[in-house]
Amino acid sequence: MTKTKKKRECGSLGHYFILFILPALIIYLTFSILPFFFTFIYSFTDYSDIKIKDLDFVGIKNYLTVLKTPLMKIAIKNSLIYAVVLTGFQVILGLPLAVVLNKKLKTRNLLRAVYFFPAVFSSLIIGYLWNFILSSSDYGLINNLLHQLGVNTVNFFTADRALYSVIFTQIWQWTGWAMVIFLANLQGISPELYEAAAIDGADGRQQFFRITLPLMCPSVKIIVVTGLIGGMKAFDAIYSMTSGGPGNATETVMTVMMDKGISDGFYAVGSAFGVCFFIIVLLISGLTNKLMSKWSEAIG
Amino acid sequence: MKKKVLSMLLTAAMAMSLLAGCGGSTDTAADAATDTGAETGAEEDSSTSGEKVTLRMSYWNSEDTVQALLDYLAQAVPHVEIEYQFIDNSNYDTIIDTQLSAGEGPDIICESPGSTLRHARLGYLAEVNELAAKYSDAGTSVYSLEGNTYALPGISWFEGIYYNKALFEENGIELPRTFDEYIEVCKKFQDLGITPLAAGLKSWEPMLKNSMAFVTAEYLSTEEGKSFGEKYRNGEITMDGTWNTYLEKWSQMITEGIYTTDMTGIDHAQALEQFATGGAAMFCSGPWDYEAIMEKNPDLQIDMMPFNGTKESAGWLIGGPGCGFAVNEASANKEAAMEVLAAISTYEGQAALWENNQGGSSYLEGASFDLPEAYTSVSETLAAGNVYCPWNEWGVAASAHETYGTEFQNYLLGSQDLAVTLQNVDAAVAELLSK
Numbered sequence: 001m002t003k004t005k006k007k008r009e010c011g012s013l014g015h016y017f018i019l020f021i022l023p024a025l026i027i028y029l030t031f032s033i034l035p036f037f038f039t040f041i042y043s044f045t046d047y048s049d050i051k052i053k054d055l056d057f058v059g060i061k062n063y064l065t066v067l068k069t070p071l072m073k074i075a076i077k078n079s080l081i082y083a084v085v086l087t088g089f090q091v092i093l094g095l096p097l098a099v100v101l102n103k104k105l106k107t108r109n110l111l112r113a114v115y116f117f118p119a120v121f122s123s124l125i126i127g128y129l130w131n132f133i134l135s136s137s138d139y140g141l142i143n144n145l146l147h148q149l150g151v152n153t154v155n156f157f158t159a160d161r162a163l164y165s166v167i168f169t170q171i172w173q174w175t176g177w178a179m180v181i182f183l184a185n186l187q188g189i190s191p192e193l194y195e196a197a198a199i200d201g202a203d204g205r206q207q208f209f210r211i212t213l214p215l216m217c218p219s220v221k222i223i224v225v226t227g228l229i230g231g232m233k234a235f236d237a238i239y240s241m242t243s244g245g246p247g248n249a250t251e252t253v254m255t256v257m258m259d260k261g262i263s264d265g266f267y268a269v270g271s272a273f274g275v276c277f278f279i280i281v282l283l284i285s286g287l288t289n290k291l292m293s294k295w296s297e298a299i300g
Numbered sequence: 301m302k303k304k305v306l307s308m309l310l311t312a313a314m315a316m317s318l319l320a321g322c323g324g325s326t327d328t329a330a331d332a333a334t335d336t337g338a339e340t341g342a343e344e345d346s347s348t349s350g351e352k353v354t355l356r357m358s359y360w361n362s363e364d365t366v367q368a369l370l371d372y373l374a375q376a377v378p379h380v381e382i383e384y385q386f387i388d389n390s391n392y393d394t395i396i397d398t399q400l401s402a403g404e405g406p407d408i409i410c411e412s413p414g415s416t417l418r419h420a421r422l423g424y425l426a427e428v429n430e431l432a433a434k435y436s437d438a439g440t441s442v443y444s445l446e447g448n449t450y451a452l453p454g455i456s457w458f459e460g461i462y463y464n465k466a467l468f469e470e471n472g473i474e475l476p477r478t479f480d481e482y483i484e485v486c487k488k489f490q491d492l493g494i495t496p497l498a499a500g501l502k503s504w505e506p507m508l509k510n511s512m513a514f515v516t517a518e519y520l521s522t523e524e525g526k527s528f529g530e531k532y533r534n535g536e537i538t539m540d541g542t543w544n545t546y547l548e549k550w551s552q553m554i555t556e557g558i559y560t561t562d563m564t565g566i567d568h569a570q571a572l573e574q575f576a577t578g579g580a581a582m583f584c585s586g587p588w589d590y591e592a593i594m595e596k597n598p599d600l601q602i603d604m605m606p607f608n609g610t611k612e613s614a615g616w617l618i619g620g621p622g623c624g625f626a627v628n629e630a631s632a633n634k635e636a637a638m639e640v641l642a643a644i645s646t647y648e649g650q651a652a653l654w655e656n657n658q659g660g661s662s663y664l665e666g667a668s669f670d671l672p673e674a675y676t677s678v679s680e681t682l683a684a685g686n687v688y689c690p691w692n693e694w695g696v697a698a699s700a701h702e703t704y705g706t707e708f709q710n711y712l713l714g715s716q717d718l719a720v721t722l723q724n725v726d727a728a729v730a731e732l733l734s735k
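As given, the protein sequences belong to chains A and B, one line each in that order.
When we follow this note's numbering, the leftmost residue of the first sequence carries the number 1, and every step to the right adds one.
When we follow this note's numbering, the leftmost residue of the second sequence carries the number 301, and every step to the right adds one.
Some hints here could point you the wrong way.
List time: in silico DSS-like cross-link candidates among lysine-lysine, alpha-carbon distance up to 27 Å [claimed, not checked]:
hint : chain 1 : residue 1 : chain 2 : residue 2
1    : A       : Lys73     : B       : Lys735
2    : B       : Lys465    : A       : Lys53
3    : B       : Lys735    : A       : Lys51
4    : B       : Lys735    : A       : Lys61
5    : B       : Lys488    : B       : Lys549
6    : A       : Lys68     : B       : Lys465
7    : A       : Lys221    : A       : Lys77
8    : B       : Lys611    : B       : Lys487
9    : A       : Lys51     : B       : Lys488
10   : A       : Lys294    : A       : Lys73
11   : A       : Lys106    : A       : Lys61
12   : A       : Lys51     : B       : Lys634
13   : B       : Lys531    : B       : Lys735
14   : A       : Lys53     : B       : Lys735
15   : B       : Lys487    : B       : Lys465
16   : B       : Lys596    : B       : Lys465
Don't read these hints as lab results, they were simulated from the structure.
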């Protein structure tokens, strides 16, 4: 018995593919696009926990409230510091780490696993863990060690230090993740380029800056864009470690939005916060993409 | 061929799992139908067929804090089965608000005074006037709106200052009777190299309660200050300009180094640990922490003292009716829910509720319980009825007490002066009242 393969014309399977993407599309529309659409609508109404029906159109009143909220300035500043410092350190530490762990070391698989391990946990768990480590009570791990060395208590959660303490824990958690992305990119660089460079007399430093770094552009772009967006959306680590405090020292856009929009019941103002935040993130993403593209072009 | 067999097997397995899934959902649907049936036609069902009515009850405290009550209700209202739903305090209001706005939600809701008024205004709660008449006004007034009461007060909560009896006795230190004496006691402990007060100032709560207790003793409990809460919620008075003098005096807690900036790096659990293991002489908290303290150090001898003002008195505790039992107006089992509330509004019901909340007191007329030994030093305070929670009087702006605590963290850290601190609280209250 001979099999005859049915010939299909190019593009004739299109309707099957529509069926395949339909479940994901429905979920995406239901849980992302539709809520955003409603958020946008609500931001122009007087929706609150004591007015949930018969909403009135209030124009841009909620947007003016957002801009007038004194905390907004602190929140945007903190979110930007958080996003830029975290992303910067992810690149600065993750890139050399990936280069080192791409070499033929006996322990490289173990080390890769060790550095990546913190990224497996939720930021909430990491936050609670570091909360204990950094505590200024006698039971805080670091302060306990300092006391034994005769050093006075160091409070890692003062108004000046708290934000950087949280950022430090996040660098610790996410550098390994950046390293893995960089490693994947590194392994895609042809070894022949290094061989040719070595023949031409390039040393290790020159090879890194002339070959590795320029060709790492795609992964750096991914880390920078996702890092900045993720950093701007920072909530869980802040929530578990400082809850925005002490005072308002570590308030971010998301914590203010949660407090004002959800906890205090100003749903419409919260929606306006969300839309403003969306625009800010969109601008940052666009700007980053443009800068990174220019870098790619310059290398090319 | 092998591939074909494997793919057929996989397809068969998928089909089976789908069928199993459908089977499961049918069962669930059947269960749900039974539940809905129980909810919609509860009274007929329970009376005719003897079937149990399932009521959902939500609370921000874990089930063990009301276990005795649940056991009692199982006997007192045998045709009702309570499905207890614990929702963490940080998400409680958001979840309940969402459910109620969708016309759903638990049949019996534990409400704070602030959320009761908000939900009552939106028509989510059934009035409980008849049962409320069995309770004292002090308990029901915070749950009342326009002549109707919408929740029944549970056992009161209170917070005072736990102290390590051994540290006081060994060092010959007497219990303070005034605020100035309290500062002196703290200084004595400091001189002895002992931390006077363990405080987790990473949270906004400790300074909120401590400072408000002082203002209560000095001003809110006086004839002049008694109407402050009412005026404040009506927008007729501000904190800035009224509380400044008292809080300037209270600020000795900061200037004398009892509250320090280092404490902003300590959370509540770590402060509790410090006190329980003898690292500090005092710790502000309430009965809910008693078991945790004793678990950490069963040999610790503790008692509780009240907060004091500048004049000698029976002292004050921060507290009041915390959880109020309310009935969802949209509940299909309203009558059964009212039966449960009626069972709670008996001496036996209050005793069962008190069982897991020892130390608090009941607002039910004629229901009083013995005070555990750990609260001997506040017996006079409790007997005088000196338990008060200022923000319970702020109506829909009650949630601004969190802002008050946060602003006091800023004050402690030196980011702002007292006037700005109070102005910020006033602004937050005004914003909430404007809704």
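Hint check results:
| no. | hint | verdict |
| --- | --- | --- |
| 1 | Lys73/A to Lys735/B | holds (23 Å) |
| 2 | Lys465/B to Lys53/A | violated (56 Å) |
| 3 | Lys735/B to Lys51/A | holds (8 Å) |
| 4 | Lys735/B to Lys61/A | holds (14 Å) |
| 5 | Lys488/B to Lys549/B | holds (20 Å) |
| 6 | Lys68/A to Lys465/B | violated (51 Å) |
| 7 | Lys221/A to Lys77/A | holds (23 Å) |
| 8 | Lys611/B to Lys487/B | holds (19 Å) |
| 9 | Lys51/A to Lys488/B | violated (54 Å) |
| 10 | Lys294/A to Lys73/A | violated (31 Å) |
| 11 | Lys106/A to Lys61/A | violated (63 Å) |
| 12 | Lys51/A to Lys634/B | holds (25 Å) |
| 13 | Lys531/B to Lys735/B | holds (17 Å) |
| 14 | Lys53/A to Lys735/B | holds (14 Å) |
| 15 | Lys487/B to Lys465/B | holds (17 Å) |
| 16 | Lys596/B to Lys465/B | holds (16 Å) |
Hints 2, 6, 9, 10, 11, counting from the list given before, are not met by this structure.
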